[in-house]
Amino acid sequence: MKLTKIDIYGFGQFENFSMTFNENFQVIYGVNEAGKSTMMNFIKCILFGFPNRNKNIYLPKGSKRYGGSVSIKTKNYGTLTIERIDENKNITVFCEDGSKKGEDFLAEILTEIDETHFEGIFSFGIDGLQDIEKIQDDELNDFLLGAGMTGNVSISGIEQRLEKKQQELFRVSGKKPKINEQIKVLDTLESKINAWKEKRQSYDHMLENQKGLHVRLEQIKQDKSDLIGKYKTLEKVESLLPLHEEKVQLLYQLQELTTYEPFPEEGLHRFEQWKSQYITVKAEQKHYERQLNEIEKNINEIKENRNILAAEKRIQHVRENESLYDVKLKEKATLELDIKNLREDLQLLVEKLGKHWSISDLTNVDTSISTKEKLILLLDSIESHEQKKKFFEESYFQSKQKRDELLQEKEHYEKMLLTEDEQITFNEKYKIIGEKELLEKNLKEVESGTLLHITNSWKEKVIPLSLLGLTAVLFLKGELIIAGGVFLLTAIFFFLHIGDKSSSKINNLHQLQQKLQVLNKQLNSELTKNEIEMKLKEHEQATYTLRAQKALLLNAESNHEKYTEQFVDWQYEEDLLKDKLKSMAKQYRFNETLSTKAFRESFNLLEEGKKKVLTLQRLETAERQVHNELVFWDEEVKALCTICSIDFQEKWQRVFETLYAKLSIEKEKQYKKLEFENEKKKLMVNYSQWNEKCLSIERQCEQLLKQANVTNEEDFIKKAHVNKKANDIKQKITLLDAQLSTQIKAEEKEVVNKKLNNGKKQVQEELYELETHLNALMTDEEKVQQQITSNNLLTEQLEADGSYSELLQQYEIEKSKLNKLAEEWAVLAIASNVLERTKNEFRLERLPKVIKVATQYLTIFTKHRYVKILAPIEENSFIVERKDGRRFSPKELSRGTKEQLYLALRLALANVYPSQTPYPLIVDDIFVNFDSIRTKRAVEVLRKASEDHQVIFFTCHHHLLIHFTDKEVTTLSVKANGIQEEGYEVS
Numbered sequence: 001m002k003l004t005k006i007d008i009y010g011f012g013q014f015e016n017f018s019m020t021f022n023e024n025f026q027v028i029y030g031v032n033e034a035g036k037s038t039m040m041n042f043i044k045c046i047l048f049g050f051p052n053r054n055k056n057i058y059l060p061k062g063s064k065r066y067g068g069s070v071s072i073k074t075k076n077y078g079t080l081t082i083e084r085i086d087e088n089k090n091i092t093v094f095c096e097d098g099s100k101k102g103e104d105f106l107a108e109i110l111t112e113i114d115e116t117h118f119e120g121i122f123s124f125g126i127d128g129l130q131d132i133e134k135i136q137d138d139e140l141n142d143f144l145l146g147a148g149m150t151g152n153v154s155i156s157g158i159e160q161r162l163e164k165k166q167q168e169l170f171r172v173s174g175k176k177p178k179i180n181e182q183i184k185v186l187d188t189l190e191s192k193i194n195a196w197k198e199k200r201q202s203y204d205h206m207l208e209n210q211k212g213l214h215v216r217l218e219q220i221k222q223d224k225s226d227l228i229g230k231y232k233t234l235e236k237v238e239s240l241l242p243l244h245e246e247k248v249q250l251l252y253q254l255q256e257l258t259t260y261e262p263f264p265e266e267g268l269h270r271f272e273q274w275k276s277q278y279i280t281v282k283a284e285q286k287h288y289e290r291q292l293n294e295i296e297k298n299i300n301e302i303k304e305n306r307n308i309l310a311a312e313k314r315i316q317h318v319r320e321n322e323s324l325y326d327v328k329l330k331e332k333a334t335l336e337l338d339i340k341n342l343r344e345d346l347q348l349l350v351e352k353l354g355k356h357w358s359i360s361d362l363t364n365v366d367t368s369i370s371t372k373e374k375l376i377l378l379l380d381s382i383e384s385h386e387q388k389k390k391f392f393e394e395s396y397f398q399s400k401q402k403r404d405e406l407l408q409e410k411e412h413y414e415k416m417l418l419t420e421d422e423q424i425t426f427n428e429k430y431k432i433i434g435e436k437e438l439l440e441k442n443l444k445e446v447e448s449g450t451l452l453h454i455t456n457s458w459k460e461k462v463i464p465l466s467l468l469g470l471t472a473v474l475f476l477k478g479e480l481i482i483a484g485g486v487f488l489l490t491a492i493f494f495f496l497h498i499g500d501k502s503s504s505k506i507n508n509l510h511q512l513q514q515k516l517q518v519l520n521k522q523l524n525s526e527l528t529k530n531e532i533e534m535k536l537k538e539h540e541q542a543t544y545t546l547r548a549q550k551a552l553l554l555n556a557e558s559n560h561e562k563y564t565e566q567f568v569d570w571q572y573e574e575d576l577l578k579d580k581l582k583s584m585a586k587q588y589r590f591n592e593t594l595s596t597k598a599f600r601e602s603f604n605l606l607e608e609g610k611k612k613v614l615t616l617q618r619l620e621t622a623e624r625q626v627h628n629e630l631v632f633w634d635e636e637v638k639a640l641c642t643i644c645s646i647d648f649q650e651k652w653q654r655v656f657e658t659l660y661a662k663l664s665i666e667k668e669k670q671y672k673k674l675e676f677e678n679e680k681k682k683l684m685v686n687y688s689q690w691n692e693k694c695l696s697i698e699r700q701c702e703q704l705l706k707q708a709n710v711t712n713e714e715d716f717i718k719k720a721h722v723n724k725k726a727n728d729i730k731q732k733i734t735l736l737d738a739q740l741s742t743q744i745k746a747e748e749k750e751v752v753n754k755k756l757n758n759g760k761k762q763v764q765e766e767l768y769e770l771e772t773h774l775n776a777l778m779t780d781e782e783k784v785q786q787q788i789t790s791n792n793l794l795t796e797q798l799e800a801d802g803s804y805s806e807l808l809q810q811y812e813i814e815k816s817k818l819n820k821l822a823e824e825w826a827v828l829a830i831a832s833n834v835l836e837r838t839k840n841e842f843r844l845e846r847l848p849k850v851i852k853v854a855t856q857y858l859t860i861f862t863k864h865r866y867v868k869i870l871a872p873i874e875e876n877s878f879i880v881e882r883k884d885g886r887r888f889s890p891k892e893l894s895r896g897t898k899e900q901l902y903l904a905l906r907l908a909l910a911n912v913y914p915s916q917t918p919y920p921l922i923v924d925d926i927f928v929n930f931d932s933i934r935t936k937r938a939v940e941v942l943r944k945a946s947e948d949h950q951v952i953f954f955t956c957h958h959h960l961l962i963h964f965t966d967k968e969v970t971t972l973s974v975k976a977n978g979i980q981e982e983g984y985e986v987s
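Per UniProt numbering, numbering of the sequence shown is gapless, rising by one per residue and ending at 987.
Everything labelled a hint here was simulated from the structure, so no lab data went into it.
Note that this is a predicted model, so its numbers are computed, not measured.
Treat the hints with care, since some could be wrong.
[To be verified] Each computed PhoX-like pair below joins lysine-lysine, with the alpha-carbon atoms no more than 25 Å apart:
#1 Lys-745 - Lys-236
#2 Lys-863 - Lys-883
#3 Lys-745 - Lys-760
#4 Lys-164 - Lys-178
#5 Lys-537 - Lys-410
#6 Lys-852 - Lys-936
#7 Lys-410 - Lys-550
#8 Lys-730 - Lys-718
#9 Lys-328 - Lys-313
#10 Lys-164 - Lys-815
#11 Lys-611 - Lys-332
#12 Lys-898 - Lys-944
#13 Lys-550 - Lys-535
#14 Lys-247 - Lys-760
#15 Lys-5 - Lys-101
#16 Lys-297 - Lys-286
#17 Lys-441 - Lys-431
#18 Lys-612 - Lys-374
#19 Lys-550 - Lys-400
#20 Lys-165 - Lys-820
#21 Lys-718 - Lys-165
Could you put the whole structure together from the sequences, leaning on the hints where they help?
Here it is as structure tokens:
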């Protein structure tokens with residue numbers, strides 16, 4: 001069985017997802033949470049069913065549909081598609097022929113395996129490798145044995161759990177186990193009961209006596225019931241005796257009759273009916289037999305010429321194509337004329353091409369579309385190249401002229417530049433003139449400011465004098481506080497605004513005048529400020545323009561070099577094109593000096609010549625075909641004349657008429673004979689039907705005689721009368737049996753029949769005996785009942801406290817608990833025993849096969865370092881043999897070799913699993929702890945395993961992909977906007 005495709009409608013994070021599988025080896029790569037585990041669980045769910053709701057059921061978040069389909073390829077059933085949808089709880093299997101199957105059909109396909117076996121044997125991953133690291137060395141052999149036995153590595157765990165549960169129930173020297181505690185409880189209750197027994201011996205004796213009385217009473221009641229039943233049966237027998245005696249008499253009469261069986265039902269009536277029908281049917285058969293003889297005579301009288309009839313189609317064909325012969329003659333003459341004219345045209349064309357050409361050469365010349373297109377492209381390129389030459393020459397001279405002009409302008413602007421010393425001198429003078437103008441301006445401002453200060457000083461003094469006057473007025477009016485405040489303000493204003501201002505302004509004026517004298521001495525130049533500024537601006541402008549001119553010059557030189565290189569390239573291309581044209585001219589035997597126009601015309605002549613040659617060949621072929629048809633026509637007419645015994649003549653019309661007349665005569669004979677044969681067939685059908693009816697009636701009569709075991713009709717009739725009399729007697733007996741059976745029950749039938757055979761007298765005697773015995777039992781019953789009543793009164797007095805009965809009841813309850821615990825312990829003990837026997841059976845039968853295949857895998861894993869795996873039957877362990885003969889137990893191996901041994905056993909178990917269908921191997925990231933060398937060998941092992949099983953390998957490690965081909969790898973990639981929202985895509 002091989003997986004070919006999955007379609008997920010909705011399962012976990014997958015929605016509307018499809019993927020196809022390789023038949024032998026499939027690698028599925030995806031990062032964490034890409035959905036690898038979900039996909040593995042989806043495959044198991046579709047094959048074996050969805051899990052319960054209390055488990056992880058992978059419900060989709062965005063889709064209402066839960067489920068999907070898995071397509072598998074099987075040997076016996078072809079390609080099947082298994083669809084399982086949770087919403088209708090049903091499964092559908094789609095077959096190749098379009099039919100649909102259900103759960104039973106899937107169970108038939110998977111009859112050799114269930115979900116537990118599939119997970120344990122054909123599905124494994126990194127979990128088993130991680131378990132190797134966790135377990136102790138002494139448990140390693142059990143772990144590997146479990147891996148090689150069922151794929152489930154928890155066998156030792158099962159044994160430990162079984163042993164633990166047994167010890168929780170019972171231990172020989174234990175106190176806390178449940179059974180040990182229950183035994184203690186029973187011992188305590190038994191001691192109390194024994195104490196009560198010593199006190200109540202009389203009570204026990206009475207109970208024993210009472211028990212015996214009850215048994216006696218039950219026995220009396222049972223005997224009484226049995227006697228009453230027998231009495232009623234005898235009464236019924238007595239009432240049925242008249243019917244029984246009548247039945248015995250009828251049976252005696254039946255025995256006295258002669259042989260009347262076997263005889264068919266309604267045999268005599270049926271025999272008479274068949275005899276009557278036979279007479280009528282036989283007459284009809286004779287009538288059709290006479291007609292058949294007459295028809296056969298007519299058929300034999302007709303004599304046909306089968307040779308002429310066999311040539312019917314040929315004669316019809318000749319007649320239908322009579323006028324075609326003249327047409328073919330004219331067509332041949334026309335073709336011969338066309339061929340002659342075409343040869344003359346070709347000869348003229350060859351003369352134009354030159355002395356190197358002949359008509360036969362034109363047949364093999366290459367004038368294909370690709371060649372013509374190639375030639376046209378070459379000629380166009382040459383013409384285009386000639387046009388480019390003029391453009392390149394103009395561009396070259398223009399670029400050279402532009403470069404020379406820019407060089408002259410560059411020299412002009414370089415002459416306008418100042419030297420570095422001139423620039424420094426002009427900048428210093430320009431700076432000094434600026435400082436001088438600023439100083440003169442400041443000097444004027446200081447001189448005007450000093451005069452203004454002298455004028456405004458008296459105005460400033462008026463304000464404090466006014467304030468002093470106001471202070472005096474307030475003082476006289478008695479406003480002392482206000483007057484004091486005004487006086488204080490006046491004093492502050494006076495000191496702030498009237499100080500030594502006049503003296504500071506005069507000092508500044510003298511300093512500025514001295515500085516101006518110094519600048520006049522430094523400035524010793526005949527140029528004005530504007531002239532200096534003009535010189536500097538011209539220098540700056542020339543510098544900027546020169547920088548631009550250099551860029552233009554650089555561009556012009558670049559263009560000039562570019563056009564120079566293009567001209568050189570053009571020259572190179574021109575040489576190449578000329579070489580190609582020379583090669584073409586040599587190929588077609590043209591003069592190398594031809595112009596492009598002449599070259600085109602010459603090629604067109606070749607193309608035209610080849611077309612005419614092909615036309616000539618076609619016409620010659622047509623002429624030969626017409627000639628052959630005319631020859632065939634003559635031969636055909638001669639052959640038909642021979643068949644029909646006619647002399648061949650040159651006058652075709654007369655020959656055709658004679659042939660057709662002969663054919664018409666023979667066809668008329670054939671038609672008449674065919675009519676007779678059809679009539680014969682119809683008569684044969686009717687004759688066969690009536691003959692079959694005769695035979696059928698004869699068989700029916702013979703069958704009746706055979707059923708009656710007689711040989712002739714007379715004995716059959718005699719036996720029929722005896723049989724009728726016997727049937728009447730049997731009918732009466734059946735009626736009596738029905739009356740008897742309605743009054744006799746099934747369970748008393750044997751007894752009643754036996755009593756009926758005894759006779760009336762014996763029945764009456766037995767009735768009397770039963771009645772006497774029944775009266776005696778009723779007397780005994782009354783006595784025993786009185787004794788029981790008397791004893792009940794005494795026991796009620798002794799059981800007034802009820803303690804003894806309660807102890808007995810509690811003892812039985814605790815004893816029942818002990819029995820349940822013992823049953824539980826026995827089940828666990830049996831399970832342990834069965835598991836041990838299964839392990840022993842596996843060691844003897846299946847383990848050697850697993851070891852043989854696992855040895856091959858381990859040899860590949862370790863590159864022949866380890867060559868053998870041993871599993872001694874008397875030991876619960878594995879031994880690995882190295883190529884040098886040394887042997888190691890699993891705990892002595894390295895971690896990597898342990899993992900390789902585990903994988904070899906798992907793969908071998910799947911390989912030797914006893915099934916007719918090789919199931920797929922699902923492997924999940926088993927190389928995570930392997931280095932590159934181990935990984936490469938492990939991949940080799942998986943490839944070897946894929947020869948028998950389809951291998952589906954899941955991994956999240958990108959570096960492993962180098963070991964597989966692109967065709968083998970399918971990548972599960974998560975879209976950027978999130979897992980659930982955007983879904984998944986396969987790349």
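### Query
Holds or violated: are the alpha carbons of Lys-247 and Lys-760 at most 25 Å from each other?
Holds, because 15 Å separates the two Cα atoms, which is no more than 25 Å.
### Task
Verify the proposed pairing of Lys-550 with Lys-400, using a straight-line Cα cut of 25 Å.
Distance of about 16 Å is within 25 Å: holds.
### Task
Quickly compare the C-alpha distance for Lys-612 and Lys-374 to 25 Å and report which way the hint goes.
holds (23 Å)
### Pair hint outcome, Lys-410 versus Lys-550 [Cα-Cα no greater than 25 Å]
The hint holds at about 7 Å.
### Satisfaction of hint between Lys-236 and Lys-745, Cα-Cα up to 25 Å
At roughly 11 Å apart (the allowed maximum being 25 Å), Lys-236 and Lys-745 satisfy the hint.
### Query
Keeping to a limit of 25 Å between CA atoms, is the pair of Lys-328 and Lys-313 held or broken?
holds (21 Å)
#### Entry: Distance restraint between Lys-165 and Lys-820, which requires alpha-carbon spacing of 25 Å or less
holds (15 Å)
### Message
Does Lys-165 sit within 25 Å of Lys-718, going by the straight-line distance between their CA atoms?
### Response
violated (87 Å)
#### Entry: Given pair status - Lys-101, Lys-5, alpha carbons within 25 Å
holds (19 Å)
### Message
Next pair to validate is Lys-441 with Lys-431; report whether the Cα-Cα distance is within 25 Å.
### Response
OK: Lys-441 and Lys-431 at ~16 Å, within 25 Å.
### Query
Has the given pair, Lys-537 with Lys-410, been kept, meaning a C-alpha gap of at most 25 Å?
OK: Lys-537 and Lys-410 at ~18 Å, within 25 Å.
### Query
Would the pair Lys-297 and Lys-286 pass a check requiring their Cα atoms to be no farther apart than 25 Å?
holds (17 Å)
Figure legend: structure checked against the earlier numbered hints; the only hint not met is number 21.
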